[in-house]
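Asker: Single-letter residue listing:
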Amino acid sequence: MMSITFHQAVFYFFSAIIVIFSILTVTSKRILRAATFLLFVLLGTAAFYFILNYAFMGALQITLYAGGIVVLIIFSILLTSHVGERFEPIGWGKMIASALVSLIGAGFTLYVLLNADFIPTQAPLPDASVKNIGTALLSYERNGFVLPFEVVSLLLLAAIVGAIVIARKEPHDTENPNNE
Amino acid sequence: MTGLVYDFSVITQSIDHYLVSHWGPSLAATIEFVLVGILYLLIYALVGLMLVYAERRICAFIQCRLGPNRVGPQGIFQTIADFIKLLLKENIRIERADKLLFFVAPFIIIVGSFLAFGTIPFAKGLHALDPDIGLFFIMAATSIGVIGILLAGWSSNSKYSLIGAMRSGAQIVSYELSVGLAIVTMVILTGTLQLSEIIEMQRDGWFIFKGHIPAILSFVILLIAGTAETNRGPFDLAEAESELTAGFHTEYSGIKFAFFFLAEYMNMFVLASVATTLFLGGWMPLHLGNFETFNHVMDFIPPLVWFLVKVFTVIYIIMLFKWTYPRLRIDQLLSLEWKYLLPINLFNLILMSVIVLLGLHF
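Protein chains in written order, with this note's numbering: chain B, 1126 to 1305; chain L, 16 to 377.
Excised from the complex, chain B in its bound form:
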C-alpha cells in the first residue's frame, strides 16, 4: 500500500472539494445555489495557491473571484430571479449533444495531458514576493509588464464609460415621458 505525505493529503482534500463542487455547480437546478458552489470551487483553487506558498496569488484569487466576480453574479441573480425558480428540464436532444461535446473535450484534454512529458524544471524558483511582483508590473524593461497593464486599464476605462452611457438617462427623455 502506498503511503501519502501530509502535503499530498491536503492536496487531495482540496482536489476532491473542487471536483465535487464543480459537478454540483453544473448540475444544480437553482441558479443561486450554482453560484454558491462556484464560490467554493474558486476558494478551493485559492487553497492550491496557498499550498504552493504563493500567498499573493491566493489572496488575489479570493479578492477578485470570490469577493468580486461571484458577488457580481449573485447581485445580478438577486435582481432578476426568485427563490422558487428552477431551471427547466433539458430536452433529450440537447442533453445528448452537450454530453457528446463535453466527452470529446474531456477525452482530448486527458489524451494531451497523459501523453505530455512533464519535465521538472531545474531553474531556481522566481522570487514571488509582493515587492518583486509590484516592480515587475510597472517595469518597462525586459520582463516588465507596464504595457499590458496600461492596455488593460484602457480597456477598463472604455468599459466604465460604456456602462455609464448605457445606464444614464437622456436629458430630453425626462421632458417628454412618452418618448421611450
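You may find that some hints are simply not true.
What the hints assert, rightly or not - Each computed BS3-like pair below joins lysine-lysine, with the alpha-carbon atoms no more than 27 Å apart:
id: 1; chain 1: L; residue 1: K114; chain 2: L; residue 2: K104
id: 2; chain 1: L; residue 1: K114; chain 2: L; residue 2: K100
id: 3; chain 1: L; residue 1: K139; chain 2: B; residue 2: K1256
id: 4; chain 1: L; residue 1: K337; chain 2: L; residue 2: K174
id: 5; chain 1: B; residue 1: K1154; chain 2: L; residue 2: K174
id: 6; chain 1: L; residue 1: K139; chain 2: L; residue 2: K225
id: 7; chain 1: B; residue 1: K1294; chain 2: L; residue 2: K354
id: 8; chain 1: L; residue 1: K174; chain 2: L; residue 2: K114
id: 9; chain 1: L; residue 1: K114; chain 2: B; residue 2: K1154
id: 10; chain 1: B; residue 1: K1256; chain 2: L; residue 2: K337
id: 11; chain 1: B; residue 1: K1219; chain 2: B; residue 2: K1154
id: 12; chain 1: L; residue 1: K104; chain 2: L; residue 2: K174
id: 13; chain 1: L; residue 1: K114; chain 2: L; residue 2: K139
Since the hints were made in silico from the structure, they are not lab data.
Got chain B; can you put chain L on it based on the hints?
Answerer: Coordinates of chain L only, in the frame set by chain B:
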C-alpha cells in the same frame, strides 16, 4: 533601547518543538491547527461577547441609562446569559426558504471575519498567521463576508431580508473602495504589507505621528469607511429597524442569529485592530522622544495590554459614532462615499506619495 521584550514566539516555538519531537512534523502540524483553531474560536467568541456587553453599557451611559447591571458585578455576565438563552432557543425552520443556502450563509460570514481575525498580531510572536501579504490578506478575507449577507437575504425569501441584503451589499462594495485606498495610502509609507514588519517599523514612533497630515486623514477615512463596511450605525440603514425589521437577518433565529451578531462585532474588532496596527503602533508601547525614564516605564506594560487598550479606544470611538449621529439616508450614504471620501482619498494618496518621495515624514 528596547528595554523589556515580551516575545511570545519563544513559547510558541517551544510548544512546536515539543510536538514535533513527539509526533513528527505532519501530525504535529495537524495538532497545532486544531489547537490554534480551538483557541482562536474561544477568543473570538469571548471577545465578541465582551464587545456586546461594552456596547450595551456605553450606549446606556450615552442615553443616561444604566444598562445591564444585574447579572454578575456590573452586569458583566449579562451577555453570557444571553448567549446561553440564544443557544437554547428554537431554530425556526422557514418554509419556502432555500434551506441549504439559508444554512450556509451565516458560516460564510463567520469564516470571512475569522480568517481576518487570525492575522491580527496581539503581541510579538502572538498571531496565528503572518503572511507577507498581511494587509492584502485581510482585505481578501473580509471581502467574502458580503457574499454571506447577500445569500442570507435572498435565501430567506422575504422582502425585508432581500431589500436589507441589497442595501448592505451595495454599501459594503462601495465602501470597500475607501477602506482599500486608505490602507494603500499607509502602505506607501510602510513599504510593506506584512503586519509584524509594519509594527516593527513603529518602534521609534507611531505612524499617525510619523506620517502626520496624510496619516491622520487616512486614519479618519478608515474609521468612517470601516464603520460603513461593518454595517454599523450611523450607516446601518441596511437593518433600519423601523422600516426593514432587521435587514438581511430578519428570518434568522436562535444560534444562527447569534452568528450574524457575533460576526458584526468581530468585524468591528478586526477593523479596530487594523487601524491600531497601521496607525497606533500595534502592540508597541508609547515612546516620547528622549524621555528615557518615561519610555522605560512604558516598556514595563505588556504589549498585549497596549494592544487591547488601543483597540478598545478605537472601538469606543466607533461606538460613539453609532450612538451620536442619526442614521444616513441612502443618497447621503452614496454621496458621502463617492463625492467626499473618494476624492479626499485620492488627493490624500498623492499627498502621501509626495511626502514619502521628498522625505517629509519623520
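Asker: Against this structure, judge whether each hint is valid.
Answerer: These are the hints, each one checked on the structure:
1. A C-alpha spacing of about 19 Å is found between K114/L and K104/L, which places the hinted pair at or below 27 Å, so the restraint holds.
2. In summary, the hint linking K114/L to K100/L is supported, as the alpha carbons are separated by about 24 Å, within the 27 Å threshold.
3. Under the criterion of a C-alpha separation no larger than 27 Å, the hint pairing K139/L with K1256/B is consistent with the structure, at around 24 Å.
4. A threshold of 27 Å between alpha carbons decides the hint, and for K337/L with K174/L the separation of about 26 Å falls inside it, so the pair holds.
5. Between K1154/B and K174/L the CA atoms are separated by roughly 23 Å; this keeps the pair inside 27 Å, and the hint holds.
6. A C-alpha spacing of about 21 Å is found between K139/L and K225/L, which places the hinted pair at or below 27 Å, so the restraint holds.
7. Of the supplied pair hints, the one linking K1294/B and K354/L holds, its CA atoms being roughly 20 Å apart against a limit of 27 Å.
8. A hinted pair counts as satisfied when its Cα atoms are at most 27 Å apart, and K174/L with K114/L qualifies at roughly 17 Å.
9. Between K114/L and K1154/B the alpha-carbon distance is near 14 Å, which keeps this suggested pair within the 27 Å criterion.
10. Taking the CA atoms of K1256/B and K337/L, the gap is near 39 Å; set against the 27 Å cutoff, the hint is violated.
11. This hinted pair checks out: K1219/B and K1154/B have alpha carbons roughly 16 Å apart, not beyond 27 Å.
12. Only pairs whose Cα atoms come within 27 Å are accepted, and K104/L paired with K174/L is accepted, the gap being roughly 24 Å.
13. Proposed proximity of K114/L and K139/L is contradicted: the alpha carbons are some 44 Å apart, above 27 Å.
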